[in-house]
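Knowing the structure of chain A, use the given hints to seat chain B on it.
Number of protein chains: 2
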Amino acid sequence: MSFRLSQYVPVLDWGRTYNREALSNDLVAAVIVTIMLIPQSLAYALLAGLPPEAGIYASIVPIIFYAIFGTSRALAVGPVAVVSLMTAAAIGNIAETGTMGYALAALTLAFLSGAFLLFLGVFRLGFLANFLSHPVIAGFITASGILIASSQLKHIFGVSAGGDNLLEVLETLIAHLGNTNPITLAIGVSATAFLFWVRKGLKPLLRKAGLGPKLADILTKAGPVAAVLVTTLLTWGLGLADRGVSVVGSVPQSLPPLTMPSFSPELLKQLLIPAMLISVIGFVESISVAQTLAAKKRQRINPDQELIGLGAANLGAAFTGGYPVTGGFARSVVNFDAGAETPAAGAYTAVGLAIAAVALTPLVYFLPKATLAATIIVAVLSLVDFSILKKTWGYSRADFFAVAATILLTLGFGVETGVSAGVILSILLHLFKTSKPHVAEVGLVPGTQHFRNVLRHKVETDDRILSLRVDESLYFVNARFLEDMIQDRVTRDSPIRHVVLMCSAVNEVDYSALESLESINTRLRDLGVGLHLSEVKGPVMDRLRKSHLIDDLNGRVFQSQFDAWRVLTGAPRPVPAAAE
Amino acid sequence: MSFRLSQYVPVLDWGRTYNREALSNDLVAAVIVTIMLIPQSLAYALLAGLPPEAGIYASIVPIIFYAIFGTSRALAVGPVAVVSLMTAAAIGNIAETGTMGYALAALTLAFLSGAFLLFLGVFRLGFLANFLSHPVIAGFITASGILIASSQLKHIFGVSAGGDNLLEVLETLIAHLGNTNPITLAIGVSATAFLFWVRKGLKPLLRKAGLGPKLADILTKAGPVAAVLVTTLLTWGLGLADRGVSVVGSVPQSLPPLTMPSFSPELLKQLLIPAMLISVIGFVESISVAQTLAAKKRQRINPDQELIGLGAANLGAAFTGGYPVTGGFARSVVNFDAGAETPAAGAYTAVGLAIAAVALTPLVYFLPKATLAATIIVAVLSLVDFSILKKTWGYSRADFFAVAATILLTLGFGVETGVSAGVILSILLHLFKTSKPHVAEVGLVPGTQHFRNVLRHKVETDDRILSLRVDESLYFVNARFLEDMIQDRVTRDSPIRHVVLMCSAVNEVDYSALESLESINTRLRDLGVGLHLSEVKGPVMDRLRKSHLIDDLNGRVFQSQFDAWRVLTGAPRPVPAAAE
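Protein chains in written order, with this note's numbering: chain A, 1 to 580; chain B, 581 to 1160.
FYI, nobody ran anything at the bench for these hints, they're computed from the structure.
Worth double-checking, as some hints may not be accurate.
Claimed, not checked - No more than 25 Å apart at the CA atoms, straight line, and that leaves these computed lysine-lysine pairs for PhoX-like:
1) Lys1013/B - Lys970/B
2) Lys433/A - Lys1016/B
3) Lys433/A - Lys1126/B
4) Lys436/A - Lys1126/B
5) Lys458/A - Lys1016/B
6) Lys390/A - Lys433/A
7) Lys1013/B - Lys546/A
8) Lys436/A - Lys1013/B
9) Lys971/B - Lys546/A
10) Lys971/B - Lys1038/B
11) Lys970/B - Lys546/A
12) Lys1126/B - Lys390/A
13) Lys433/A - Lys1013/B
14) Lys436/A - Lys970/B
15) Lys1016/B - Lys546/A
Quick caveat, the model's predicted, so the values are computed rather than measured.
Isolated chain A (complex conformation):
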């Protein structure tokens, strides 16, 4: 492979052909996304336990860095719900919300995530994200949505509460319900109801009024902005902040500051595992969005380069007052629907947000936290989808079991335990499935050269020949299984003179399995029974040739099961000399 700089810095690719039309499309998209991002960024900062401006800062430099290094043309990078929750969970045990230590830990977490993502990208380790199975991700996102929504209830009621799992959150909430502020509750409930209505009822209404589907969609997405405007004006006009309604308060009017993460070894050690989990979850979320959008325009996403793009974005967040970021679903879809053509749209959004950070921050002083909580609740409840339980139950119990455990453990013990358990469980279930492989006794489908399971198909067999199709790679976890099975089969059925292992499904034979095959060979030889192999694949045969098995084999290696059948049944037709 030759080195091309543009491979690592995709901006060099699309930047060359950037023209006026793309510019105007990107600008329109940027304006729409900026308006949507202002309340969202404030809300997610609240969820992460950080001051509101951290959400804005985390949307500026990261989005530019991603525009330079990322491969998706529509992905919008910034704070997202699940990563914000995971940030709160990771830092919550280390520092008190609102302290300098908390903000510093958030920067450090972003730094570690960025470094880890870059490391994975540079060493092309993106496939590691595949260890998270689709059902585990779906279960995790659903459970996180519930956790997030319940963690925001305190803002709706205007009380204090906390905790890392559902039980703690609800317990502390209920304990404080006596202090509920009725005005806050009224704002919170009406904002939530309004936003749910916008999501479900407004769009059909707008369509009926004659608006195009895209415009209707974008106006619907602007619902949170309306809620923010109305409740802020009300709070300001009626002086509700003095009557106990918790508001965002003063936010510094400034561009993102230059910040430094902490390099204290102890803090780095404490945050390393959370940072790795956040990186992987963030990457998986981001790449799913990017691939979905790219497929619609027949564009390609390079997973390893995405790691580099997201890594750069997180490093950007770490040095400019942010916290861990990734590609968000809602904002990316809005960006795409609004017509963004290149990552430059993201850069313009960053400019928009920078202007907002300098000029508009005083306007959010009277924005009630209950409104932000309402936007979070409505956004994350759309992530909650238990249908994965039903789907996996119908298809595969092992997958169902992994999802159910992920959901229960995430709700019961928090995000880190939940997602780790999901990964470990899916790996163990997979190994368990391969430990007792399906082995079919096969016979010839009449009139063909094709062999199928004797129990499922009407096939020809021969008493003297035991043809076994082993439906699994042979490796240490199942090596002994085959040994025991053949021993059982051959000592039981005395007429057998030949055992043929049909290896069409054997994709690997590791050293443990090689020893098992050697031992099977020795035992069969002692019994005067031949051991033959058929349909051994190229890569497997290459490896077996390095061992003594083939030389010592008490039988032959046949190219196809049909060749084996012809030779061993003594069929009349000539067969060429056995060769792989």
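For chain B alone, kept in the frame of chain A given last:
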């Protein structure tokens, strides 16, 4: 399955046909094994850091319990080298050698091991032991042998030393070398040299003198007894104990006492993981010996029942002053060679040892510890075998890497770290191998109905048809890989009208992979390309039928790749309607 008591208590099976001839054969074997076991039991107790009588006690009741519940006819259960070392490592951090707490922890460890083995046996979980691959076990045994031998050097030099890993052991040894007792060293070195000579040189000599091979073998195995007798007499006769030679000292003259393990939750928690590791390692060692010996007489070993037998043996050890036990290689081979026919031989050995415990213990007062150390060193160095490194290097780098890591980590960080790392590493390497599966483009081998890799064989192909044989089960770890690969292949080669996935090597399609296949199907449909499946196996097809994939498939499911080829190339011969 019907319940038969004799399935769980094999003694009911062989006990019915027990006759005079078996009795006399078993008695002869028992006498020989008893003589060999006396010094061995004392030595392994020393290695485990326990008083010498613990080794004798651990050989009495456990051997009887195994005789009742075990399935091997020749296995001799008792203390073995590796398990003794692991016991010392597990307890060393909890209590001081020689204290009551140490002995209590040993009983508790035996109790936990027994309970865990019984649990595995009753729930038929014996296959879990397969997670230890053969190369990892070989590497672990080799490294343990080195650790054990080096830990005994202190007794040869007559100094104190300790540590859980090779570096610590050698460091503390060298630091104390100044205190070497020259008489002890003389005894230790001559005993070691004598035993090595017995092992290598005596047998050919005895054969030349006209002895039969079996008798020569048994006499050779009696070497340690001779060393014990001579050095004990010397020490007693010359009063060497007063000149600084460390001796076994007074051993209580008693049958195994009735003891209780501790049920302190804290201690149980501390010992749980070590007990699990000891159980699994002990089980693997024991079952390999049992299967090797059973195969020689065409007998069968039932792994799950073996777990029950070993579990009972360990519980027996826990309640009669012992420590963790398992089936030992050396003693079992001697038992087998001496002609043991049934597990009753083990019971007679137990009687012999019980007599020894009551009558002979005063005789070992003057037995030098250096002699015991010499027997251990000579025994374990026969376990050290680095050839596994060479064998795996030639066959499979992944296996080599797992062995090398196991050896280095066991030597460098002790037995528990070593074996855990070996298991985890082999699993990760396996997953890694399956994450980027081999996918072969196949074509028809002329004159047959057989399809092989276009790169390895001269085959017929058709530009419009892309036939891919996926050489791996499709599951979450590699689900996305296939999606990306087909996307790449089809957008690149425009003439392709049909993609046929030949599924002969696909043994599983999990939910993540199902989603990937659905997404491949959608994308290919958008491109106007058909997606077909061929040679889908019964169990996989059963599952796919539960999903929407087959209904929505933008193509057909063919029983064989040849059917697919005939239909898609428009070959003249008729094809029956597609059915799995």
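Could you grab the alpha-carbon distance between Lys458/A and Lys1016/B and see if it respects the 25 Å cut-off? Not satisfied, since the Cα-Cα distance of roughly 36 Å exceeds 25 Å.
Quick one, are Lys433/A and Lys1013/B close enough, alpha carbons at most 25 Å? Answer holds: Lys433/A to Lys1013/B is near 17 Å, not above 25 Å.
Taking only the CA atoms, is the gap from Lys971/B to Lys1038/B under or equal to 25 Å? Since the Cα atoms of Lys971/B and Lys1038/B sit roughly 33 Å apart, the hinted pair is violated (cutoff 25 Å).
Could you grab the alpha-carbon distance between Lys436/A and Lys970/B and see if it respects the 25 Å cut-off? Cα-Cα ~30 Å, so violated.
Does Lys1016/B sit within 25 Å of Lys433/A, going by the straight-line distance between their CA atoms? 19 Å, holds
Proposed proximity, Lys970/B with Lys1013/B (alpha carbon, max 25 Å): 21 Å, holds
With the threshold set at 25 Å, check whether the alpha-carbon distance from Lys436/A to Lys1126/B stays at or below it. 23 Å, holds
Do the alpha carbons of Lys1016/B and Lys546/A lie within 25 Å of each other, as the hint requires? 23 Å, holds
Next pair to validate is Lys433/A with Lys1126/B; report whether the Cα-Cα distance is within 25 Å. 19 Å, holds
Are Lys1126/B and Lys390/A close enough, with their CA atoms no more than 25 Å apart? 12 Å, holds
Lys970/B and Lys546/A were given as a pair; does the straight-line alpha-carbon distance stay at or below 25 Å? 12 Å, holds
Tell me if the straight-line CA distance from Lys436/A to Lys1013/B falls inside 25 Å. Satisfied, since the Cα-Cα distance of roughly 19 Å is no more than 25 Å.
When each numbered hint is compared with the structure, violations occur for hints 5, 10 and 14.
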